[in-house]
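K.L.:
With chain D's structure known, arrange chain H on it following the hints.
Next come the chains, spelled out residue by residue.
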Amino acid sequence: MLKIHFGEYEGQIDYINTYFDHTFRREGFDDPMVRAMIKDVDKSEVICGSAIDSPVLGPISPRELSGGVKMLISMLKNPDETNVYWGYVLR
Amino acid sequence: MHITISDKHLRYVFDIHRKYTVIRGDSATGKTTLYEMLVKWERRDQSVQLESPLRCVTAQGLGYYNWEDNIRKAHNTIIFIDEDMEWVRSRKFASIAKTVDCYFVFINRDKLSTIPYSVKEIYEVASSGRDHWLQPLYSSSCREFTPDYIMTEDSKSGHQFFRVPFGDRCVTAEGKSNVSKKLGESPYCDSNVLVIADGAAFGSEIAEVLALDNFKFNRLKLFLPESFEFLLLKSPLFKEDVRVQEMLRNIPDSIPAFCESWEQFFTTFIQRVTEDTPAKYTKHRLKDCFVEPCCTGHQECRLHTPEDKVQSILDQIPDVDFSKIRK
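Chains as they are written, first to last, in my numbering: chain D, 1 to 91; chain H, 1001 to 1327.
Excised from the complex, chain D in its bound form (with noise of 0.2 Å):
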């Protein structure tokens, strides 16, 4: 379940860049949800293991995703409730 707390968070993941990098698994990119949330968001291929081809930077590692779809991904493979991510509203 997706919970929204408004304000700072005690233990809250605020780098997602930094976070992402240093806790994803090859293997979650087999995942057909991951493969759509990067399809979806940063209109990237997952071409096969965790090499992808996006259309603006061409072939790219995990690492150069967007922080949008790294934070969507991280909180898909990581659904504890103690995992509390930062994020604003856009506007």
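Accuracy of the hints is not assured; some may be wrong.
Said to hold, decoys possible - List time: in silico SDA-like cross-link candidates among lysine to any residue, alpha-carbon distance up to 25 Å:
| id | chain 1 | residue 1 | chain 2 | residue 2 |
| --- | --- | --- | --- | --- |
| 1 | H | 1092 | D | 87 |
| 2 | H | 1092 | D | 43 |
| 3 | H | 1181 | D | 87 |
| 4 | H | 1111 | D | 8 |
| 5 | H | 1040 | D | 84 |
| 6 | H | 1181 | D | 5 |
| 7 | D | 77 | D | 49 |
| 8 | H | 1040 | D | 5 |
| 9 | H | 1111 | D | 87 |
| 10 | H | 1040 | D | 17 |
| 11 | D | 43 | H | 1126 |
| 12 | D | 43 | H | 1181 |
Unchecked claim - So the derived list for chain H, only partly shown, Cβ under 10 Å to chain D, looks like this:
| id | residue |
| --- | --- |
| 13 | 1010 |
| 14 | 1036 |
| 15 | 1130 |
| 16 | 1132 |
| 17 | 1136 |
| 18 | 1241 |
To be verified - Beta-carbon label-pair distances, calculated as ranges:
| id | chain 1 | residue 1 | chain 2 | residue 2 | range |
| --- | --- | --- | --- | --- | --- |
| 19 | H | 1178 | D | 6 | 17 to 23 Å |
| 20 | D | 26 | H | 1141 | 44 to 50 Å |
| 21 | D | 7 | H | 1101 | 34 to 40 Å |
| 22 | H | 1191 | D | 27 | 55 to 61 Å |
| 23 | D | 6 | H | 1191 | 28 to 34 Å |
| 24 | D | 55 | H | 1061 | 26 to 32 Å |
| 25 | D | 76 | H | 1092 | 35 to 41 Å |
| 26 | D | 25 | H | 1101 | 43 to 49 Å |
| 27 | D | 5 | H | 1327 | 31 to 37 Å |
Everything labelled a hint here was simulated from the structure, so no lab data went into it. By construction, the Cβ of each residue, glycine as well, lies at the ideal position given by its N, Cα and C atoms.
P.N.:
Relative to the frame of chain D, chain H by itself:
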């Protein structure tokens, strides 16, 4: 200032025009990649080449804990800051940034309400193959519009001016951050409203205003000149003033480097050129000279003009029919 940063696969080419530049746009367009290339260059990674007339540093280079001191010590520098840096949203950062002779490029989708940035300096990254560049996020439209109300961002000189032709049909939002709230209130939410605000410092509000239903349903038009003073300087009052005409001919070169906001520049400029005249300009109280027909005073006035001053300003607002509300 022309900047090029490239590696074997990508090349970003863009210009910086004002003290504050904001890069926004969708995920995966290459914003973070631009920033990371700058970080690599800063760490002397030889795969990245940078061409810039001024020194470039990133927020990473400034450090998380001693950014204040490092910004104060920076001179003639372009500072790139991404959205991971929380301090960029603080008032402390805004007050330090204001005083230093540096340019700031924010790669950030936040509102950044403490920074007076222009709507013209908000960009998104566009790309074609290897090449990436910055293109303005907002452009003007030529849609015809007949307003029921005029809304100014505050009640200073601009509001006082537009009260003359439009009376009670000209209302104030009492601050630029209140514009979107006021547009949601009755009767403005159900009426055609023309918002007039200083484009040179309206960058933080534009996204919120354009997200309103009023805009989606074509009941809202924005007129965002650099500032109200800029409109006045283009009026017939200053037609014969060489200093004003010279400045208007080449605005970017007339404005000092590191000027925090063009709005401030135009205010100071109009104050200077009207200093020893009956039209001495103050932001808080607009002199009759700017709206009434010129008098035939005892002295020869160098601002004398036979033209209709109010109409000359209204003529600068394109594609708007004022007939419904004009007194």
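K.L.:
Run through the hints listed earlier and report the numbers of any the structure violates, in increasing order.
P.N.:
Failing hints, ascending: 2, 5, 8, 12, 17, 18, 27.
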